[in-house]
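There are 2 protein chains.
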Amino acid sequence: MEREIKFRTATEKDLESIVAMLADDFLGSKRERYEHPLPTSYIKAFEAITSDPNNELVVACIGNEVIGVQQITFTPYITHQGGWRATIEGVRTSASVRGQGVGTELIKWAIQHAKERGCHLIQLTTDKQRPDALRFYERIGFKATHEGLKLKL
Amino acid sequence: MEREIKFRTATEKDLESIVAMLADDFLGSKRERYEHPLPTSYIKAFEAITSDPNNELVVACIGNEVIGVQQITFTPYITHQGGWRATIEGVRTSASVRGQGVGTELIKWAIQHAKERGCHLIQLTTDKQRPDALRFYERIGFKATHEGLKLKL
Chain A
1 MEREIKFRTA TEKDLESIVA MLADDFLGSK RERYEHPLPT SYIKAFEAIT SDPNNELVVA
61 CIGNEVIGVQ QITFTPYITH QGGWRATIEG VRTSASVRGQ GVGTELIKWA IQHAKERGCH
121 LIQLTTDKQR PDALRFYERI GFKATHEGLK LKL
Chain B
1 MEREIKFRTA TEKDLESIVA MLADDFLGSK RERYEHPLPT SYIKAFEAIT SDPNNELVVA
61 CIGNEVIGVQ QITFTPYITH QGGWRATIEG VRTSASVRGQ GVGTELIKWA IQHAKERGCH
121 LIQLTTDKQR PDALRFYERI GFKATHEGLK LKL
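Chains A and B, in that order, are what the protein sequence lines are.
Residues 1 to 153 (the UniProt record's numbering) are what the first sequence spells out, left to right.
Residues 1 to 153 (the UniProt record's numbering) are what the second sequence spells out, left to right.
Chain A with its partners taken away, still in its complex shape (with noise of 0.2 angstroms):
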């Protein structure tokens, strides 16, 4: 069977979708907070990320079924001649889609994105505890070229 996925801006009504699939993650299990109703830093954070230009949160779907999600972020810097960036961050696919190509195609989208946008790199980092992801990335074509350091505030 054909299926056509098909991406779009997320919408509010989406936000307990995007949340399912963030917490349904061996990473995101111990950071999420999926319950009903969602935590209010939820809809704010929506309401901020849909506020600003510079970020997009993207979901593609199966019909009306949300089934993967990204957020995009785009940032003028100085360096590299004043070139703007693509950062993607929060990845995730439904457990119901995994293993189909979902994920590159996610992936591929934003990279069409950001070119449209005048990026000149699209960008993102991914947990060493996830060596799945890094070489799904640099499949794609990414290279591993920075670390990417975090400290907890």
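Hints listed in this document are in silico derivations from the structure and should not be mistaken for laboratory results.
Watch out, some of these pointers could steer you wrong.
Just so you know, same-sequence chains aren't split out, so a pair can sit in one copy or run between any two.
[Stated by the list, open to error] DSSO-like mimics (lysine-lysine), calculated; alpha carbons at most 30 angstroms apart, straight line:
{"hint": "1", "residue 1": "LYS128", "residue 2": "LYS13"}
{"hint": "2", "residue 1": "LYS115", "residue 2": "LYS152"}
{"hint": "3", "residue 1": "LYS30", "residue 2": "LYS115"}
{"hint": "4", "residue 1": "LYS143", "residue 2": "LYS44"}
{"hint": "5", "residue 1": "LYS13", "residue 2": "LYS143"}
{"hint": "6", "residue 1": "LYS6", "residue 2": "LYS152"}
{"hint": "7", "residue 1": "LYS115", "residue 2": "LYS128"}
{"hint": "8", "residue 1": "LYS108", "residue 2": "LYS6"}
{"hint": "9", "residue 1": "LYS6", "residue 2": "LYS150"}
{"hint": "10", "residue 1": "LYS128", "residue 2": "LYS143"}
{"hint": "11", "residue 1": "LYS143", "residue 2": "LYS6"}
On the provided structure of chain A, position chain B as indicated by the hints.
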């Protein structure tokens, strides 16, 4: 002699000093264009940064001299229960003060500022060709838990 370092938001008058620092670097020298007048792309990026409340270009000064720079981006994410993060990029110090702890003061200023803005995490990527930079950030408390992946567009 006591020196006093002050931190402030960069103005357009600082831009030449900033680009000079970015270009005076073994990686930056290959990708920046420190020319008079500055290429327009730097001016445009400066305007995009300063008109965005979620981006701050910060300079460190001793007296009237600009001796350090960093850009801090504040991003709302759905992940981590809708937590905000700060991302540091383009950290450079002037050769005239290298080895005097200015870089450490810059980063500590960014950490404090990110706390004040309610971020739960501060992050950056550093090129694997800069092993000294990695050790520098680790001494401050950053953990290299992630791979930093880039794809040129």
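Structure-based check of all given hints:
{"no.": "1", "hint": "LYS128 x LYS13", "in the structure": "neither (32 angstroms within a copy, 41 angstroms between copies)"}
{"no.": "2", "hint": "LYS115 x LYS152", "in the structure": "between (32 angstroms within a copy, 10 angstroms between copies)"}
{"no.": "3", "hint": "LYS30 x LYS115", "in the structure": "between (34 angstroms within a copy, 23 angstroms between copies)"}
{"no.": "4", "hint": "LYS143 x LYS44", "in the structure": "between (34 angstroms within a copy, 28 angstroms between copies)"}
{"no.": "5", "hint": "LYS13 x LYS143", "in the structure": "neither (35 angstroms within a copy, 36 angstroms between copies)"}
{"no.": "6", "hint": "LYS6 x LYS152", "in the structure": "between (36 angstroms within a copy, 25 angstroms between copies)"}
{"no.": "7", "hint": "LYS115 x LYS128", "in the structure": "both (27 angstroms within a copy, 25 angstroms between copies)"}
{"no.": "8", "hint": "LYS108 x LYS6", "in the structure": "within (13 angstroms within a copy, 43 angstroms between copies)"}
{"no.": "9", "hint": "LYS6 x LYS150", "in the structure": "between (33 angstroms within a copy, 25 angstroms between copies)"}
{"no.": "10", "hint": "LYS128 x LYS143", "in the structure": "both (14 angstroms within a copy, 11 angstroms between copies)"}
{"no.": "11", "hint": "LYS143 x LYS6", "in the structure": "within (27 angstroms within a copy, 37 angstroms between copies)"}
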